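Participant: Sequence:
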Amino acid sequence: MVRVRKERILLEAIENEFENQAVLNPTIVQQGDTLHMFYRAVKEGNYSSIGYCKIKGPFNIVERRKSPILFPEHDYEIHGTEDPRIVLLDGTYYMFYTAYDGRNALVAYATSKDLKIWEKHGIISAKMRYDEAGHFFHTSKLKEKYQFFTSYYKDVVGEDVLLWEKDSLIFPKKYNNKFVLIHRILPDIQVVSFDDFKDLTKDFWQSYLKTLGEHVLIEPKFGFESRNIGAGAPLLETERGWLMIYHSVEDSNKGKVYHASAALLDKKDPYKVIGRLKEPLFSPTKDYEKFGDVNNVVFPTGTAIFGERLYIYYGAADKRIAVASVNLNKLIHEILATEVEAGIGFLAGQVFNVAFEEEKSLAQLKNLLNQNENILLMAIGWLARENKVLCRFDLDEIFIRSIE
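Using the working numbering, read the sequence shown as starting at 1 and increasing by one per residue.
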């Protein structure tokens, strides 16, 4: 597994009224060696706004605003403007944030040309009740976990609660001249494309929810993702694909545990996942990640690159902002290797079945399974290490027979 270095706590709550309870979940805009960090600032009573810091290099804070840059102004966000993600697209900065009114958590967005003056554009979420959304979940034959969260929020918040939606951001480029939005309706990460934000009407979302299963980008797969997953930092373009740092939530009898993970998306097809880590990128292990307003949380929401290292900025225990780092190339290699390993395991099963009743040569396997020789040898090597096949060499040819 790729090695992650826990660097330090970067920012704590201070006496400023708007951030005297907690600071967390920052988004990063990198301009050379300068980082613009926008973060969720919480005042006592759990009212959130968005604060700002300027950072030189990965750690040196040179400016911290004494007042929020974005704050609740409308009824739909009266309890908080939370968890910003900022993406630059075609000369405009798009900030997506959670608008919380004390009961409902929905996605809203604002835009800016200079990162200083922001214009709010309101909510883009469906604004429909969970019982209505639950009907679409049922008729579209989604997995039962969607119905679980429908019942959960109606139980905890109330019958009239709206469909909760968080963790949204757009790709930093358009595809087929359309915006591509990543969002999260529990428990999966979904993706949707559209021409204009004005298209995101209730009718649009009703039609979309009828086929929601076709729009799932990533769904929980591993134990550390057992409850749900959600987007994290804005996407980072690399030579091998879009790097997506995301969070996962593990259910346990001792409470929820939030982990950081990573996936790679195809640059030509934003709906295609090239690979993902099968173990957490990092987990809450430090005291400052294990104890806070919400225990056992690492919540990655921002990234920056300095040299060969990717710096990941995250909320720690919903109380403070911390930084971890990892070698970027090694992380991408790890993601790709994980996917290759999964593919080799699947191919090994095919080899085992084909060579079970009678011995097969490597040439025969190449023809039967339509695979190249190097990949087949990796699968055969895996089977040999597990004592699943016998190999025989005769006249420069390899013969394989499966054994029970």
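What the hints contain is simulated information worked out from the structure, not anything from laboratory work.
A couple of the hints might just be wrong.
Said to hold, decoys possible - With a Cα cut of at most 25 Å, we get these calculated SDA-like pairs of lysine to any residue:
hint, residue 1, residue 2
1, Lys290, Val87
2, Lys278, Lys178
3, Lys290, Gly223
4, Lys178, Pro270
5, Lys141, Gly102
6, Lys278, Thr201
7, Lys278, Val191
On a predicted model such as this, the values are computed, not experimentally measured, just so you know.
Participant: Each hint needs a verdict: does it hold in this structure or not?
Facilitator: Verification of the supplied hints:
| no. | hint | in the structure |
| --- | --- | --- |
| 1 | Lys290 / Val87 | violated (30 Å) |
| 2 | Lys278 / Lys178 | violated (31 Å) |
| 3 | Lys290 / Gly223 | holds (19 Å) |
| 4 | Lys178 / Pro270 | holds (12 Å) |
| 5 | Lys141 / Gly102 | violated (31 Å) |
| 6 | Lys278 / Thr201 | violated (37 Å) |
| 7 | Lys278 / Val191 | holds (21 Å) |
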